[in-house]
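2 protein chains.
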Amino acid sequence: MRRLIQKMKEKGSAVVVGIDPVIERFPPEILAASPRTYDRLMAFGTEVMAGVWDLVPAVKFQSAYFEACGLEGLRALGDLIRLGRDKGLFVINDVKRGDIGSTAAAYARAYLSPGADFEVDAITINPYLGDDSNEAFYRLAKENDKGIFLLVKTSNPSSGQLQDLEIQGKTLYDHVAENLKNNPYYESREDYSFIGAVVGATYPRQLKSLRRALPRSVFLIPGYGAQGGGGEDLKVAFGPDGFGALVNSSRGIIYAYEKNPAGIRQASREAVIAMNQDLNQWRMK
Amino acid sequence: MRRLIQKMKEKGSAVVVGIDPVIERFPPEILAASPRTYDRLMAFGTEVMAGVWDLVPAVKFQSAYFEACGLEGLRALGDLIRLGRDKGLFVINDVKRGDIGSTAAAYARAYLSPGADFEVDAITINPYLGDDSNEAFYRLAKENDKGIFLLVKTSNPSSGQLQDLEIQGKTLYDHVAENLKNNPYYESREDYSFIGAVVGATYPRQLKSLRRALPRSVFLIPGYGAQGGGGEDLKVAFGPDGFGALVNSSRGIIYAYEKNPAGIRQASREAVIAMNQDLNQWRMK
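From first to last, the protein sequence lines are chains A and B.
Numbered per the working numbering, the first sequence spans residues 1 to 285.
Numbered per the working numbering, the second sequence spans residues 1001 to 1285.
With the rest of the complex left out, here is chain A (with noise of 0.2 Å):
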């Protein structure tokens, strides 16, 4: 998280840019360049980079939209990885990944092993199963100065189903919240622990409780834009570093180029620009 924050003043954004590419959705020059899935995703993924690279300190991978793409979209995963991370982005995979502990150290040495083809700088885990999952991936991002952020409140319409479930006056995110506020790996001798929180931008109600609740996690938000969360909205989220909150779009950015004939590259580049003053003027004090 030392980096992320290092990177976010560097930069002077709190945007990251989320990869969520969907073959069928591509420009025409890209899917008539090449009928390779690998070079679609590879001549996607590198055009977006190309235009925020500058701009942001971080891209979050969905890796859902590379299985379903099969081998060839996991190889371009990697590929594109490795790209970011040689741009100097930090990269978050979003794999929401959560199992029994000792599958839990699987999947985090998948993603968190230095030399790793999926390494990255922090991902996102689910935490239905409890702390021997959770502690299995906060085990070995401490060792290798990684990052995780726990999925606490999700932007989705359906969150409330489960996370909002009131318990002995508190609800189940609040659970979550307090079981990582008290998790010996949550302790920090830096202002942010390595663990963060995912915490939707369509609950500002809910981004206020927990930003309160967790002072020393940076918050990974989605929603922001075609999810319908607005910048106001993430005032609070941010605390009073203005280092607390990454803010995440993903269609807005990537497919900006569909209503903006400067291509992929200008268009993503704009679509950022707008987004980091945007957030800017409520996280500069």
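Hints are computed from structural coordinates only; laboratory data are not their basis.
There may be inaccurate statements among the hints.
To be verified - Below are the BS3-like pairs computed for lysine-lysine, each with C-alpha atoms no more than 27 Å apart in a straight line:
(1) 181(A) x 1011(B)
(2) 142(A) x 11(A)
(3) 1087(B) x 1170(B)
(4) 208(A) x 9(A)
(5) 1208(B) x 1235(B)
(6) 1142(B) x 1009(B)
(7) 170(A) x 1170(B)
(8) 1181(B) x 170(A)
(9) 87(A) x 7(A)
What the hints assert, rightly or not - Facing chain A, from chain B, some residues (calculated, C-beta under 8 Å):
(10) 1068
(11) 1074
(12) 1110
(13) 1155
(14) 1157
(15) 1172
(16) 1179
(17) 1182
(18) 1183
What the hints assert, rightly or not - Cβ pair distances, simulated, as ranges:
(19) 1235(B) x 82(A): 48 to 56 Å
(20) 183(A) x 1079(B): 35 to 43 Å
(21) 1168(B) x 190(A): 48 to 56 Å
(22) 1208(B) x 240(A): 50 to 58 Å
(23) 1205(B) x 167(A): 51 to 59 Å
(24) 1241(B) x 34(A): 50 to 58 Å
Every residue gets a Cβ at the ideal spot worked out from N, C-alpha and C, and that includes glycine.
Got chain A; can you put chain B on it based on the hints?
Structure of chain B alone, referenced to chain A:
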């Protein structure tokens, strides 16, 4: 699930062999035969399946152990899945995925679409994001005649941390079961719905109450053997017809050769024969 139950009848078995390969643990003859990860995983998985395919209805691959081996691991996973299906086994990929609706649909395409590199008969999913995640999986599974196993009560020591929390006199896992039962996709004209549930063998009391709550779900039951769950505890899970539970053993079968000098193939076979005998005394009336 119809296909699964047919295979359970044919083989006279409620065992699913869990293939969770850890290369460091492989026997010297496999390590000596090739230095390549792909070759080693293929040799191991092929030997295990050659030993058990005529004795069990199903195999379950734990995706984490293949992801931990990077692209070569995933290539082996795809090829072992195909080998299992070619041998007439019902193949489960234990991926425990869950995400917002559109992303969950991409995961569903990766594992449940005809012709996908990782196409299997069923996958496991995680309920933390609620029904827009779950339903994206249910929808594609129904379309493609596939199965889903929803995590309800997992087998690991810390599963109770969230799953056992009490909400209005019921636990969180009860809520997950109830949401499943009330979901329109759960209806079925056959004895069993295409949506099963993961319920750990290590919690017999919960297994009993969930059997009552979800009479039309096949339970995928981890935790037998290495994790401590025994045959008698499982009696109730099978239900009146004996087809309500598919009991997983991974380490107890695939690493049986460590205590049995007959080699991987024969040692796996003998371990499955013993497990079939143990379970069948409880499931037969």
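Taking the hints in turn, this is what the structure says about them:
| no. | hint | result |
| --- | --- | --- |
| 1 | 181(A) x 1011(B) | violated, 49 Å |
| 2 | 142(A) x 11(A) | holds, 25 Å |
| 3 | 1087(B) x 1170(B) | violated, 43 Å |
| 4 | 208(A) x 9(A) | holds, 23 Å |
| 5 | 1208(B) x 1235(B) | holds, 9 Å |
| 6 | 1142(B) x 1009(B) | holds, 23 Å |
| 7 | 170(A) x 1170(B) | holds, 15 Å |
| 8 | 1181(B) x 170(A) | holds, 26 Å |
| 9 | 87(A) x 7(A) | holds, 12 Å |
| 10 | 1068 | holds, 4 Å |
| 11 | 1074 | holds, 6 Å |
| 12 | 1110 | holds, 4 Å |
| 13 | 1155 | holds, 7 Å |
| 14 | 1157 | holds, 6 Å |
| 15 | 1172 | holds, 7 Å |
| 16 | 1179 | holds, 7 Å |
| 17 | 1182 | violated, 11 Å |
| 18 | 1183 | violated, 11 Å |
| 19 | 1235(B) x 82(A): 48 to 56 Å | holds, 52 Å |
| 20 | 183(A) x 1079(B): 35 to 43 Å | holds, 39 Å |
| 21 | 1168(B) x 190(A): 48 to 56 Å | violated, 41 Å |
| 22 | 1208(B) x 240(A): 50 to 58 Å | holds, 51 Å |
| 23 | 1205(B) x 167(A): 51 to 59 Å | violated, 20 Å |
| 24 | 1241(B) x 34(A): 50 to 58 Å | holds, 53 Å |
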